[in-house]
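*Asks:* This is what each chain is made of:
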Amino acid sequence: MKITLAAVRAFLWRGTLFALLWWALTDGRPGSWAVGSVAVAFASAASLRLLPPVPTHVSRIGLLRFLVFFVHQSLRGGVQVAWFALRPRLALSPAIHEVGLRLPAGISRVLLANTMSLLPGTLSVELQGDRLCLHVLDASAPTETEVRTAETRLAQMLGLTLDTR
Amino acid sequence: MTIADWASLVLLVAGAAFFFAGTVGLLRFPDVYTRLHALAKADNLGLGLVVFGLLLKAPSAALAIKLLLVWLLALAASATVGFLIARRARRHGIEPWRAGDAE
Amino acid sequence: MNSLTLALAVFLLVNLLVALVRVARGPTPADRLLAALLFGTTGVAILLLLGDATGAPALVDAALVFALLAAITGAAFTRRAWREEAPVDDDR
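Chains as they are written, first to last, in my numbering: chain A, 39 to 203; chain B, 91 to 193; chain C, -12 to 79.
No lab work stands behind these hints, which were simulated from the structure alone.
Glycine included, every Cβ here is placed at the ideal spot set by N, Cα and C.
A portion of the hints provided could be inaccurate.
Estimated spans, in silico, between C-beta atoms of each pair [what the hints assert, rightly or not]:
| id | chain 1 | residue 1 | chain 2 | residue 2 | range |
| --- | --- | --- | --- | --- | --- |
| 1 | A | Ser131 | C | Ala11 | 26 to 32 Å |
| 2 | A | Gly138 | C | Thr15 | 28 to 34 Å |
| 3 | A | Asp168 | C | Gly42 | 50 to 56 Å |
Let the hints inform the model, and build the full structure from the sequences given.
*Replies:* Structure follows, in structure tokens:
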């Protein structure tokens, strides 16, 4: 592996995260660092090898906005499904909806599929190319709008541009 | 009891309530997809509330980090596993239940 | 408040048992896979609450391992479970 500035930066950044993790796992016991420093160094090296640094532009404001959106929506999702479960009459009208994605191919689409499963009323059942199939609890809900919102939030967080045709 | 204690108590009890709703959904919902909705959403919210309830009484920052890590991992696990189960079920031709079908 | 977290842990344990009986009955293999989700959420919550109730912080570490395993085994298990008859190639 060529030693580039990006690799050194990634090594230091990941090393810091692994060190924090080690500190938390060992409850900050000072005696553990003899093993810990070796473990952190190996973990950082292994992570660089398994997941080489890629130029990403994760925006901090985007990340924060996504987190707020996510926590708010998963709260709504939990309340909604609890309401469906606990109300006396079972009033589900499930359906399968297919939505075309505007996110570029790759990990961001998988992230979107996983996110949709935790949002109110939607559950990802299939992802092929730029088509996402969702199982929805309420056939009349504006599923496509919800996917668009989640897409926009994800794209903002990852610094991606959406393919608007 | 301090305000933090009360807040913690409310969060923990609310968390348990969502786990209960998730279980009721699991028992009542008619097919694997709707049951996945119940588990993926209600149980995750339940765990989130329990984690934040315990976070308020965490005696050390190290424990707080561990609790947050548990929450993040569990979220990632349910989202991924939920999606994979649903995808497998669909690829194997398990038809979703529709309103009007017998349970 | 330790008695509260203990009571909640027992409550969740009953929840988990009822849910496990339900998923074991299926009827489809996909239903049984829901057990993986149950351990990843309810199981983890029980461990965390017990860790608080009994003052045994090691249980939080156990919960951490549970959550980690839920993420790893869940994905591996689901990919393998019906592989022999999978109609479509895995795209990841």
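*Asks:* With reference to the structure, classify each hint as holding or not holding.
*Replies:* Each hint, compared with the structure:
1. A/Ser131 to C/Ala11: 26 to 32 Å: For C/Ala11 against A/Ser131, whose Cβ atoms are near 28 Å apart, the range 26 to 32 Å holds.
2. A/Gly138 to C/Thr15: 28 to 34 Å: Since A/Gly138 and C/Thr15 have Cβ atoms about 29 Å apart, the given range 28 to 34 Å holds.
3. A/Asp168 to C/Gly42: 50 to 56 Å: With Cβ atoms ~52 Å apart, the hint holds.
Of the numbered hints listed earlier, not one is contradicted by the structure.
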